[in-house]
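Same order as they appear, the protein sequences are chains A and B. Going by this note's numbering, the first sequence opens with residue 2, and the numbers climb by one from there. Going by this note's numbering, the second sequence opens with residue 742, and the numbers climb by one from there.
In short, the hints are calculated from the structure, not lab data. Since no wrong hints were added, every one of them can be taken at face value.
Quick list of in silico lysine-lysine cross-link-like pairs, BS3-like style, CA-CA up to 27 Å:
1. B:K778 / A:K12
2. B:K783 / A:K15
3. B:K778 / A:K58
4. B:K778 / B:K812
5. A:K79 / A:K15
6. B:K778 / B:K809
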Amino acid sequence: GAGVSQSPRYKVAKRGQDVALRCDPISGHVSLFWYQQALGQGPEFLTYFQNEAQLDKSGLPSDRFFAERPEGSVSTLKIQRTQQEDSAVYLCASSLTTRDSYNEQFFGPGTRLTVL
Amino acid sequence: GENVEQHPSTLSVQEGDSAVIKCTYSDSASNYFPWYKQELGKRPQLIIDIRSNVGEKKDQRIAVTLNKTAKHFSLHITETQPEDSAVYFCAASVYSSASKIIFGSGTRLSIRP
Numbered sequence: 002g003a004g005v006s007q008s009p010r011y012k013v014a015k016r017g018q019d020v021a022l023r024c025d026p027i028s029g030h031v032s033l034f035w036y037q038q039a040l041g042q043g044p045e046f047l048t049y050f051q052n053e054a055q056l057d058k059s060g061l062p063s064d065r066f067f068a069e070r071p072e073g074s075v076s077t078l079k080i081q082r083t084q085q086e087d088s089a090v091y092l093c094a095s096s097l098t099t100r101d102s103y104n105e106q107f108f109g110p111g112t113r114l115t116v117l
Numbered sequence: 742g743e744n745v746e747q748h749p750s751t752l753s754v755q756e757g758d759s760a761v762i763k764c765t766y767s768d769s770a771s772n773y774f775p776w777y778k779q780e781l782g783k784r785p786q787l788i789i790d791i792r793s794n795v796g797e798k799k800d801q802r803i804a805v806t807l808n809k810t811a812k813h814f815s816l817h818i819t820e821t822q823p824e825d826s827a828v829y830f831c832a833a834s835v836y837s838s839a840s841k842i843i844f845g846s847g848t849r850l851s852i853r854p
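Could you build the full structure based on these sequences and the hints that come with them?
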């Protein structure tokens with residue numbers, strides 16, 4: 002079936018503008034993660050959902066970052082009043098949670114955000 | 742929290758030679774260590790992983806080793822080929838589908854023809 006998809010693939014925003022990034026996980030996947038990947042760096046964890054519940058948001062860098070997954074499927078990462086340091090690739094990953102086992106996190110292609 | 746250090750940051754090897762990437766982690770609670778390959782402009786893809794109850798795992802030309810006591814783990818690629826050129830990330834996590842992955846900073850591997 003289809004993998005994780007993200008939209009838009011590229012977003013250019015002026016400093017101070019609000020942006021919304023969308024993630025469509027693999028159908029049936031319970032767990033959804035957002036990561037931020039700065040140029041030349043490894044992905045850094047932002048937040049985690051299990052179904053519609055946001056269980057960990059410890060990686061969100063400031064209160065300008067907000068994520069939701071209201072129906073336990075599609076997720077949106079919103080960044081308010083964007084700053085230049087927000088420029089990065091935002092990766093979404095999903096995994097099929099089963100009890101007492103590990104399921105691979107499948108990554109989407111990412112959204113490259115450039116803040117001017 | 743967990744911190745993963747990775748080196749070297751860049752690595753160039755002759756085609757056919759071996760490549761080794763080394764990582765360390767800080768949190769003894771981590772018990773799952775995946776390795777990802779990311780080609781330019783593409784998504785990270787899992788290439789091999791190892792759990793802390795295993796010291797070594799091999800899959801064709803790729804092998805990973807883990808020294809739990811020293812908190813070291815390594816990726817070994819033998820008989821390198823041009824298609825192995827990419828950025829490789831080591832990572833640490835807890836063996837659970839609810840666990841975030843902590844990534845190293847990456848190694849850019851180039852294979853010289």
